[in-house]
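**Student:** Sequence:
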Amino acid sequence: MQDEALKLYELGFNVFPQPYGQKAGMPWKQLQYTRLHPEHPQVGVAALFRGQWNIAVMCGRTSGNLFVLDCETDESFRQHKSQLRARNIPVWSVETARGGHLYLRCAEGEVANIESGIMHDCELRGSKGYVLTAESIHPSGLKYRWLDHEGKTPPVVSLKQIDWLTDINGKPIRLRLTRGGSKNSAYTANFSPLSRATQDYLANGSRIAPGSRNNRLFSAACDMAGNGYSEHEAEQQLIAIASSSGLPAREAYATIRSAFSRERKPARPARQQTAKQPTEVQQHGWKYALAYCEAQTWTGRTGSSDRAVLLALIEKARLVSNEKGIFRASTREISVLARVGINTVQNALKRLQEGAPPIIFYSGRDNTSQASLWKFSSIILREGKRKTESSPPVPPWISRSDSVLCETDAIERGALGHSGMRVYEGLLALGCPMLPSPLAAELRMSVHQVNYALRKMRLYGLVVREKKGWRALSATPAQLDERVARPSRRLGRGRRRVRRYAEQRMIYVGRIVWRARIDMYLAEAKRQSLLQSDSCSEGESCLIVEQDEGSAELKLWKCPNCGQVHFADVPPDMCDFCRDFTTWKLLGDARSGLLSDPLILFGIELGGVPYVRGPDGKEHPLLPGMTDESP
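Residue 2 is where the sequence shown starts when you use the working numbering, and the numbers rise one by one after that.
Since the hints were derived computationally from the structure, they do not count as laboratory data.
Please note that a few of the clues may not be correct.
Using 30 Å as the maximum straight-line C-alpha spacing, the simulated DSBU-like pairs for lysine-lysine come out as follows [what the hints assert, rightly or not]:
no., residue 1, residue 2
1, LYS288, LYS325
2, LYS317, LYS388
3, LYS129, LYS30
4, LYS30, LYS144
5, LYS129, LYS317
6, LYS153, LYS8
7, LYS129, LYS8
Using C-beta positions, here's what the derived DEER-type ranges look like [to be verified]:
no., residue 1, residue 2, range
8, GLU76, THR332, 45 to 55 Å
9, GLY65, GLN480, 29 to 39 Å
10, THR332, MET521, 27 to 37 Å
11, GLY65, ARG366, 23 to 33 Å
12, GLY171, ARG146, 26 to 36 Å
13, THR303, LEU460, 23 to 33 Å
14, ALA108, LEU148, 18 to 28 Å
15, ASP164, SER141, 31 to 41 Å
16, PRO173, GLY212, 35 to 45 Å
17, PRO249, VAL157, 42 to 52 Å
18, SER141, SER83, 18 to 28 Å
Yeah, the Cβ is synthetic: ideal placement off N, Cα and C, and Gly gets one too.
Using the sequences and the hints given, assemble the complete structure.
**Tutor:** What follows is the structure in structure tokens.
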């Protein structure tokens, strides 16, 4: 299991563990944004897959824009596979309990989901979801396995190549991309008429505990009947799920017949399928904030940093914001965009919130990623809108179509810096020689800032002095890196910052999975303990005693000849170290009590070495003879 997970990880799949024989149970939401660490000894991908675990693969951008056609019947599986072969697309397929999965990667970006119920016996998982892959065990007991593995990596296709998909009415479906990782589907054709409860049953019904299985099946069947599904179509999707949950097939068929015995209405009312028009603040809010930012005079010791952080927030709002103008921006994302440190970002955010007027408001945290949510204040949006109506909305030196921030390490502190880059771009955009004073007035900067920037630019050969003033010499971002970032030893700092933050996120998510794994182990240990205590009756007392002896706390036994300590419930006849037949001495010290701790036992099972602090203040192995190099 661990080898298969590592192999998939090296192929670029975002893999993570799920409980053996189950589809879910471990946290996964955070893994929509990052992968597990490749090498961390405790929370890396290899460490978290020790033991028996199902292998889950995240769909979407963290797996190289992976999307999966999840076929719910063998017929659907064969049909979609034949369509791929007809277009000479290599096939990567996994056999599942009901049908199969077809693995593809999109060349253009992350593909939007197609929910269950839209296509015949098939759904598309392309964003914010996962599938179990080969070597995993289905709740029914069947094993997922590779059927086709054509090529070294999954095929990379264009959206236009997947042109055979149709909905249940025969209408063609065109694949589309998600917008900036937005939670909403990228197109309304992907809307499922089924209720959330029904969709949850279709995805997770096999794990429902006894007591509600029949009711959940009946509700799902009624919803499908109300949405125009035939009884046969409902049986195709629901019977396998009901059987996996432990419901007898005869009872499941009877429940579905009862649901279709009378006219039903959909569980949720039909909604008008019209695309929402973006609100003014959603469409133009970032432009108003940008106009406000460029109209301000950013001076003082923190002015340059505050402006850089505000521009980073504007860039995040430009990419994705909701109808209320709220957008997601983590501290690390702002740090990467603004090219400043974490502490600088935190201090700047505080100043932007507490200023007069306040520029931004904190709006909570994203439920999935826990990143901060932000919103521009209505005061600055009104001011920015007023300025765009009376003057060009964006100054010429930042009128880029793709981003409000430049992408070169020359902007790093120690190179040109933010102020220096602003002066360079402004002078370049004006296109004529300028003296420091009028240039400072044009850029809303102090004369001191402009003079300092001009001295730096002259040092790097980016300006020349003429009779009428200073003229900027054009340079591409790559040339700026070579002329400025390399001699100032700042080349590559931006990429290193991105890698460092990515590694921190990997470790953070790995710790979440690790804690969940420990909690699951403790919960199982407690459940087993409760089961034993509940079954302890006179007629079964012998059985309980026998079970207790078989699973007794492991003891510490000391060899009186060499002093070696053995860890077992019953010691061996001969000491493995001195090779002497001996009478073992049972140790009753505090260390043996520690070995009853489920956490310590769990760590030993994973190959860890427990240590205790002795009277001398030093750490000693809890089990003498074990070291960090022990297998």
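**Student:** Give a verdict on every hint.
**Tutor:** Evaluation of the provided hints:
For the proposed pair LYS288 and LYS325, the alpha carbon gap of about 15 Å is at most 30 Å, so the pair holds. Proximity of LYS317 to LYS388 is assessed by CA-CA distance (about 22 Å); at most 30 Å being required, the pair is judged to hold. For the hint pairing LYS129 with LYS30, the CA-to-CA distance comes to about 8 Å; that is within 30 Å, so the pair holds. Annotation: proposed proximity of LYS30 to LYS144 holds, straight-line Cα distance about 25 Å (limit 30 Å).
A distance of roughly 20 Å separates the Cα atoms of LYS129 and LYS317; the hinted pair therefore holds under the 30 Å criterion. About 11 Å separates the Cα atoms of LYS153 and LYS8, which keeps this hinted pair within 30 Å; it holds. A distance of roughly 22 Å separates the Cα atoms of LYS129 and LYS8; the hinted pair therefore holds under the 30 Å criterion. For the pair GLU76 and THR332, the beta carbons lie near 50 Å from each other, so the given range of 45 to 55 Å is met.
At about 32 Å, the beta-carbon gap between GLY65 and GLN480 stays in the expected band of 29 to 39 Å. Distance hint for THR332 and MET521: a CB-CB separation of about 31 Å, consistent with the stated range 27 to 37 Å. For GLY65 and ARG366, the Cβ-Cβ distance of about 28 Å falls inside the hinted range of 23 to 33 Å, so the restraint holds. Taken as a hint, the range 26 to 36 Å holds for the pair GLY171 and ARG146, whose Cβ atoms sit roughly 33 Å apart.
One distance hint, 23 to 33 Å for the beta-carbon pair THR303 and LEU460, holds here, with the actual separation near 25 Å. Between ALA108 and LEU148 the CB atoms are about 24 Å apart, so this pair conforms to the stated range of 18 to 28 Å. A hinted range of 31 to 41 Å for the beta carbons of ASP164 and SER141 is consistent with their spacing of about 34 Å. With their beta carbons about 43 Å apart, PRO173 and GLY212 fall inside the hinted range of 35 to 45 Å.
Range check, PRO249 to VAL157: Cβ separation about 45 Å, and the 42 to 52 Å hint holds. With their beta carbons about 26 Å apart, SER141 and SER83 fall inside the hinted range of 18 to 28 Å.
Checked against the numbered hints given earlier, this structure breaks none of them.
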